[in-house]
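Protein chains: 2
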Amino acid sequence: MHVYASFFIRPDLREPLVSAFPNVQFTFAPHDVNEEALAKADVLLTYGEDVTEELLKKAPNIQWIFVASAGVEKLPARTILARDIVVSNVKGIHKKPMAESIIGHILALKRAIPWMYEQKKKGEWSQDVRQDELNGSTALILGPGAIGGEIGRLLQKFDVTTIGCNRSGERAKYMDETITFAQLKDYLPKADIVLSLLPKTPETDRLFSYDYFVCMKETAIFMNFGRSNIVEESVLVGALKEGQIAHVVLDVFDEEPLPKTSELWQLDGVVISPHISSRSSLYVERSLAIFKPSLRRFMQGYRNLENIVDLERGY
Amino acid sequence: MHVYASFFIRPDLREPLVSAFPNVQFTFAPHDVNEEALAKADVLLTYGEDVTEELLKKAPNIQWIFVASAGVEKLPARTILARDIVVSNVKGIHKKPMAESIIGHILALKRAIPWMYEQKKKGEWSQDVRQDELNGSTALILGPGAIGGEIGRLLQKFDVTTIGCNRSGERAKYMDETITFAQLKDYLPKADIVLSLLPKTPETDRLFSYDYFVCMKETAIFMNFGRSNIVEESVLVGALKEGQIAHVVLDVFDEEPLPKTSELWQLDGVVISPHISSRSSLYVERSLAIFKPSLRRFMQGYRNLENIVDLERGY
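Chains A and B, in that order, are what the protein sequence lines are.
For any residue, its number in our numbering is found by taking its place in the first sequence, counting from 1, and adding 165.
For any residue, its number in our numbering is found by taking its place in the second sequence, counting from 1, and adding 165.
Among the hints, a few may not be true.
Identical copies go unnamed one by one, so any copy, or any two together, can satisfy a pair.
Below, a list of computed lysine-lysine pairs in the DSSO-like style, where the Cα atoms sit at most 30 Å apart [said to hold, decoys possible]:
1) 457 to 322
2) 382 to 260
3) 382 to 365
4) 239 to 260
5) 260 to 286
6) 406 to 287
7) 260 to 338
8) 365 to 222
9) 425 to 287
10) 286 to 425
Because the hints were derived from the structure by calculation, they are not lab data.
Could you put together the complete structure from these sequences and hints?
See the structure below:
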């Protein structure tokens, strides 16, 4: 059994991995592709970005790709499906750091924390600022899956009403109510926070048109921590400039790194989280904690591993 | 019955108050003292800061002071006790906005949110920052009363271990464990977050000496949202400069406004919340929601009102 890891794993995490599997040959190639090792590899450990048609050609024996990330829409799906390669990911490990980032951003805005940082830099004592409260508000969560549920769970503890939105309107955990995409416009006027965690699918493409922002509260916070395709940057910029909404917090962008020329950099009311909301100093450790039992099961011949990705659905 | 209010109450909140009590004469004097009205007042509605010996002399009929604040240590206690004036406050309404501020500050620091704000201003895309997680950490909460309990309740939902600290070591709600002041030094090395909500009493005076900071984790966040007397500013500055702890978040200061000359303004790792953590756009509304039923009870002759303050204990 050959395992090929294409991302950096600290020595203190490598050693226990290697010693836990004495019958496995590991190749750690975080910088350059090791073609010889790749040719023999049965299992690929990756963040996903390097998995191209070309790479797969160099890895004819791959049976399982373990993606230490949540987004899989850039994987060459047809080839993977045709070759019957199992794909699993680590979606479980994103939910806590992401929920903490998202709730941190919301509380910071509600409680005037960015303003405090500015006052500190100016050395100016002032108490002349508006501070609102999170409790009593309503959050609309598009894509109430594992991550949305974790955020919903926490928001409910802050006495926030949670409304989930998915394609079927099927009840989702930690949502006081769940609605369909078709009902969105009726519910947007109630929401203090609109958070998208939607995957990139044809159905979610440019879902948020300008008239959706017109429906929202002028005090609303719009947050996109899913995929950028749900709204055109120019529409978002326009809505904010016109005061249709008060704040935008973005973790995802059509082009990453966000180009220097983007108006988002200049606009007040925009928070740019450079696609790092799920990152954590504990990330690799937690990825390996999912990988290890899966590798054990894989070696026993099982293919129904934890967090299997259905590439036909795209998530 | 005469009620004298010395703080500003918006007209839309005044009107329902006045109409709810047709037999009460209200005086609203948010700017200048109305001596004539004060001389007749039975009840004083105040933020507390204006309640001096002198003011009480001008108000010989006062039987109840409703303080729309939590801190009462500046009230002329001896006179109030000698004249048998009932004092009540609004401590219940601080807990939610304060808990939201405190958890907002913690999450912001853990998830590198201040760094994101700086990058935005510079227009620089980077993912090169350390982000930690709140879940799995330990918080030591000094003064686990109503506010501390609310913070403990929320922190536990973030999978944080909560340790309360009070003088008796008596179990406190939402604390996984409760310890006494004498045990503090044994527990400080475990804490990722040390939060004081202690009132000003002789017992809490300069409780945190330099050696306490030496015990703490180098990554610890020290937060003071109680009263400033627990630690000398120079000790705190020294501990931070030497790297004994990583972050300080302060809502209270020996001198307020914090003087321009204070080193706290200059130091990285310091967050200055200018004594506004409990403020909220809903503050007066919520104060009046406590005041109204108390006024009804007071008019019926009851004196055991909600949130009675024991001035002998000082809180």
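Checklist entry - Which holds for residue 406 with residue 287 at a C-alpha limit of 30 Å: within a copy, between copies, both or neither? => result Answer is both; intra-copy 26 Å and inter-copy 20 Å each pass.
Item to check | Up to 30 Å CA-CA - residue 286 versus residue 260, copy category | outcome: between (33 Å within a copy, 28 Å between copies)
Item to check | Homo-oligomer pair classification [residue 425, residue 286; C-alpha up to 30 Å] | outcome: both (25 Å within a copy, 12 Å between copies)
Next on the checklist: Regarding residue 425 and residue 287, is the shortest C-alpha distance of 30 Å or less found within a copy, between copies, in both, or in neither?
Outcome noted: both (26 Å within a copy, 10 Å between copies)
Checklist entry - When no copy is named, should residue 457 and residue 322 be tagged within, between, both, or neither for a Cα gap of at most 30 Å? => result between (33 Å within a copy, 28 Å between copies)
Next on the checklist: At most 30 Å between CA atoms: does that hold for residue 260 and residue 338 within a copy, between copies, both, or neither?
Outcome noted: both (14 Å within a copy, 28 Å between copies)
Item to check | Up to 30 Å CA-CA - residue 260 versus residue 382, copy category | outcome: both (27 Å within a copy, 27 Å between copies)
Item to check | Alpha-carbon proximity between residue 365 and residue 222, which holds within one copy, between copies, both or neither at 30 Å | outcome: within (26 Å within a copy, 70 Å between copies)
Item to check | Within, between, both or neither, where residue 382 and residue 365 count as close if Cα-Cα is 30 Å or less | outcome: within (26 Å within a copy, 42 Å between copies)
Item to check | Intra- versus inter-copy proximity for residue 260 and residue 239 (alpha-carbon distance at most 30 Å) | outcome: For residue 239 and residue 260, the Cα distance is within 30 Å only inside one copy (21 Å; across copies 46 Å).
Going through the hint list in order, the structure satisfies each hint without exception.
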